[in-house]
Every structure is written in C-alpha cells, then in structure tokens.
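Novice: So in full-length UniProt numbering the end of the sequence shown lands on 293, straight run, no missing numbers.
Errors might be hidden in some of the hints.
As the list claims (entries may be wrong) - Distance ranges between label pairs, derived from CB positions:
{"no.": "1", "residue 1": "A264", "residue 2": "G50", "range": "16 to 22 angstroms"}
{"no.": "2", "residue 1": "E162", "residue 2": "A263", "range": "46 to 52 angstroms"}
{"no.": "3", "residue 1": "T110", "residue 2": "D171", "range": "40 to 46 angstroms"}
{"no.": "4", "residue 1": "E55", "residue 2": "E253", "range": "25 to 31 angstroms"}
{"no.": "5", "residue 1": "K169", "residue 2": "W260", "range": "42 to 48 angstroms"}
{"no.": "6", "residue 1": "F140", "residue 2": "E65", "range": "23 to 29 angstroms"}
The set of hints was computed from the structure by calculation and includes no laboratory data.
Cβ coordinates follow ideal geometry from the N, Cα and C atoms, glycine included.
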Amino acid sequence: MMDRRDFLRLGALGGGAVFLSGLYGPAQADSSVDDFYFVQLSDSHWGYKGPANPEADSTLRQAVEAVNALPQPPEFIVFTGDLTHTTDDPAERRKRMAEFKRIVGALKVTQVHFLPGEHDASLDKGEAYQEHFGPTHYSFDHKGVHFIALDNVSDPGARIGEAQLAWLKQDLAQQPQNARIVVLTHRPLFDLAPAWDWATRDGQQAVDLLLPYPNVTVFYGHIHQEHHHMTGHIAHHSAKSLIFPLPAPGSQERRTPLPWDPAAPGKGLGFREIEAETTPVAYQITEFAARKG
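The task is simple: from the sequences and hints, build the whole structure.
Specialist: Here you go:
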C-alpha cells in the first residue's frame with residue numbers, strides 16, 4: 001500500500017516542486033509524536049481589481065476548490081497574511097474581510113489559522129482584522145510541534161515591537177530546548193529586500209530569540225513567490241500568492257507585479273502542502289498551482 005509520503009513524492013514528480021528543509025534535530029524516540037501535514041495559503045488580496053489579475057474575483061474560490069479536492073484532507077490550514085487588498089475605507093475593509101471569511105468557510109477542514117498582512121492591518125493597527133479573525137499573534141500546539149504566529153504588519157513601521165518580542169521570549173521560555181518549533185509570519189524576518197519592504201525592522205531580534213532552539217523553521221508570505229533562506233540553522237520558506245506573482249528580490253527598480261498572461265492565468269500562483277516529519281525534524285514542501293494554466 002502506498003503511504004502518504006510516497007504519494008507526495010510521486011505528486012512532486014508530476015510537477016510540484018519539493019524542497020526538503022534540511023533541518024534535522026536529534027532523533028527523539030517519542031511515540032506520542034506523529035507525522036502530519038498542513039496547507040499554507042498566502043496573499044489572496046481579496047478585493048483587488050486590476051490588470052495583474054483580471055480574474056481576481058474567482059482565484060480565491062478556485063484555491064478553496066483545489067484544496068478541497070486534495071486526496072487526503074490537511075489537518076489544518078494557515079493563511080499567512082494579506083487576506084484582503086488594502087483600502088482606505090474602513091467599511092470596505094470590513095466588507096472584504098467578511099467576504100473573504102465567507103469564501104474560505106467552504107474549506108473542508110476543522111482548523112484554519114489566520115495571520116494578518118500589511119494590507120489587512122497596517123492602516124488601523126489590526127482593528128478590523130481582530131474583529132473578524134481574532135488576535136494578530138498567538139501560539140498553538142499540534143502533535144508535538146509548537147506553532148508561533150507573529151505579527152510584523154500591524155505596526156506601519158514594519159516592526160514586531162517590544163511588547164510582542166517580550167511575549168515571544170516568554171512563550172519560548174516555556175518550551176524545552178529540543179522543542180519542534182514552526183514560526184508563521186507575513187513579512188520575512190530577515191532583510192531580503194528592504195527597499196521593497198521585504199524585511200522586518202526588528203526581525204533580527206526575533207531570530208536571536210529563536211536561535212538557541214535547534215529545531216526551528218519559518219514559513220511566511222508577502223513576496224508572492226517561492227524562496228528559501230537560512231539564518232544560521234533556521235530555514236525560512238516563502239509561499240506563492242493567490243493573486244499575482246512578483247519579481248525576484250531586487251531584480252528591478254520597483255516591485256511591480258509580473259504581467260498577466262492570458263494563455264497561462266495561473267502562472268506563478270499557488271499554494272503548498274507541508275508535511276512535518278517530527279522524528280527527526282524535517283519539513284517536506286510540495287508546491288501546487290492554484291489552477292490549471
């Protein structure tokens with residue numbers, strides 16, 4: 001019988017790019033910890049209208065249908081920010097969030113975790129976001145893995161902030177040294193392209209708090225493309241967008257969306273499965289297109 005891991009490898013050969021993080025901690029014989037997988041979606045920008053995606057009103061629904069069609073349902077789903085597209089109108093902002101929430105309510109999973117992006121939260125410091133989705137930062141545990149959701153967008157200056165850093169320090173202090181830790185965030189915690197707002201001004205302070213723990217992996221969004229980076233032993237993986245792709249970091253003067261291709265409307269868009277192998281610690285990532293091109 002083919003197990004899930006074999007299925008994922010075959011799926012990867014069929015066109016999805018697989019990246020194995022290379023992050024291995026000491027093997028721990030712990031029968032209470034099971035492997036599992038979850039789905040990461042990011043940057044749906046619900047409410048966007050423009051030439052970068054003339055089909056913006058259907059892309060999110062197509063992603064929901066694609067996730068629901070997976071052969072095995074994920075144990076949970078995470079949305080790593082920019083759920084909606086920015087607007088100066090507080091009423092419109094709330095309308096878009098309500099519409100987004102209604103659409104993703106069709107996902108056939110029991111748990112969905114949300115994070116804000118700067119489009120959701122920077123103009124009102126997360127007020128509307130919290131009304132619809134709850135806290136902007138939090139932690140939870142799943143099958144022996146400790147997940148930490150960080151908010152590096154509610155502050156319009158792209159900072160995590162002293163209060164949240166103190167919360168992170170306290171949260172980490174409750175974890176054993178060999179804890180399996182996954183950090184979820186919107187912006188990269190490292191300086192990928194600061195001139196493009198692809199950085200967190202105090203992100204290094206968060207990384208410094210995480211570095212003493214040998215089993216840490218970060219999943220983020222914001223840059224609308226797949227990207228992999230290491231800070232010491234910590235692997236950082238970005239996700240594709242559900243609305244439009246952006247150019248490679250620093251490859252041009254401005255971070256304008258890549259041109260829409262009507263012959264391949266799903267080009268550069270997608271979501272990912274992440275399989276957690278907890279003993280030893282590793283994450284296998286399988287990229288999926290949001291729709292057929």
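Novice: Evaluate each hint against the coordinates.
Specialist: Against the structure, the hints come out as follows:
1. A264 to G50: 16 to 22 angstroms: holds, 18 angstroms
2. E162 to A263: 46 to 52 angstroms: holds, 50 angstroms
3. T110 to D171: 40 to 46 angstroms: Roughly 24 angstroms apart at Cβ, these two residues miss the hinted range, so it is violated.
4. E55 to E253: 25 to 31 angstroms: holds, 28 angstroms
5. K169 to W260: 42 to 48 angstroms: Given range 42 to 48 angstroms: holds, Cβ gap about 44 angstroms.
6. F140 to E65: 23 to 29 angstroms: holds, 27 angstroms
In terms of the numbered hints stated before, the structure departs from hint 3 and from no other.
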